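**Q** Sequence:
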Amino acid sequence: MKTEKLIVLGTGNAMVTECYNTCFAIKSGKEYFMVDAGGGNGILRQLKKASINPAHIHHLFITHGHTDHVLGVVWLIRQIASMMLDQKYKGTLKIYCHDELIKTVVTICDLTLQKKLTALFGSRILLIPVQDGQTEKILDYYITFFDIHSTKLKQFGFTTMLKNTKKLTCLGDEPFNPICKRYVLDTDWLLSEAFCLYSERDIFDPYKKHHSTVREACELAEEMKIANLVLWHTEEKNLQNRKKRYKAEGKKYFKGKIYVPDDLDIIKLK
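Okay, so the sequence shown: first residue is -18 according to the working numbering, each after it adds one.
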């Protein structure tokens, strides 16, 4: 059995310019389960650099409606819909998100895309509403979506069991809410935002933005006995040394393995 791969398409927060907004894909065989798409047509560049053919993206999950997560979806829909019309894409594109976000996606697409593309909604581009605790079969996985109980905007995360029986959980881009504890327990791979270093919290004001720091993400992972912690959705002021600096602070609070990926890194989920 081949090890599944986490392909990191972007690692930055909403306002970054030196890296792309946080989004990723899990590769299973030739297919991809994609999560968010960043804030613009840069997603097309990231997919190209990652050697991901959109023809193999049939499942997309949008966590929430902030610009740095949803606007890239419009560009992905545009490309895939065009491929469908050109007979270069087989089957359907299924987009999973909460019901309020479906309205947002449809509205933006209706305002910005050609009608021949949006005409594919409902037939080959399917918008599937998800509710707290809902499980969907996606590729070879049973994905359980959950409401993260955001303090800003309705947002969902997800949890799933990998083929190697390791549990992977995505917390979205806000601090952990104890209400979601049952989804995080027994997780082997935790995907968590970490806006900045705790030592630089006075510089970046993460709490005003409803974000956490490396310290808090690592303290949570230690409390929950997580084995592998992926930190992203960060500031970008020192990208060259981000990995080294974040790991150094994180190791003070977490005994497991810390990953601080750069854009386009590939993490083997073993």
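Some hints here could point you the wrong way.
Stated by the list, open to error - In silico SDA-like pairs for lysine to any residue, Cα to Cα no more than 20 Å straight-line:
1) 206 x 241
2) 224 x 189
3) 162 x 142
4) 118 x 84
5) 84 x 102
6) 225 x 162
7) 148 x 224
8) -17 x 31
9) 249 x 98
If you're looking for bench data, these hints aren't it; they were derived computationally from the structure. No experiment lies behind these values; they were computed from the predicted model shown.
**Q** Next, verify each hint and record whether it holds.
**A** Status of each hint after checking the structure:
Taking the CA atoms of residue 206 and residue 241, the gap is near 18 Å; set against the 20 Å cutoff, the hint holds. Proximity of residue 224 to residue 189 is assessed by CA-CA distance (about 24 Å); at most 20 Å being required, the pair is judged violated. Between residue 162 and residue 142 the CA atoms are separated by roughly 16 Å; this keeps the pair inside 20 Å, and the hint holds. Pair hint residue 118 plus residue 84 does not hold up; C-alpha atoms about 23 Å apart against a cutoff of 20 Å.
Between residue 84 and residue 102, the direct Cα distance comes to roughly 12 Å. Compliance with the 20 Å bound is thereby established for this hinted pair. For the given pair, residue 225 sits about 29 Å from residue 162 by alpha-carbon distance, which is inconsistent with the 20 Å threshold. For the proposed pair residue 148 and residue 224, the alpha carbon gap of about 24 Å is over 20 Å, so the pair is violated. Restraint check for residue -17 and residue 31: satisfied, since their Cα atoms lie roughly 19 Å apart, inside the 20 Å limit.
Under the criterion of a C-alpha separation no larger than 20 Å, the hint pairing residue 249 with residue 98 is inconsistent with the structure, at around 36 Å.
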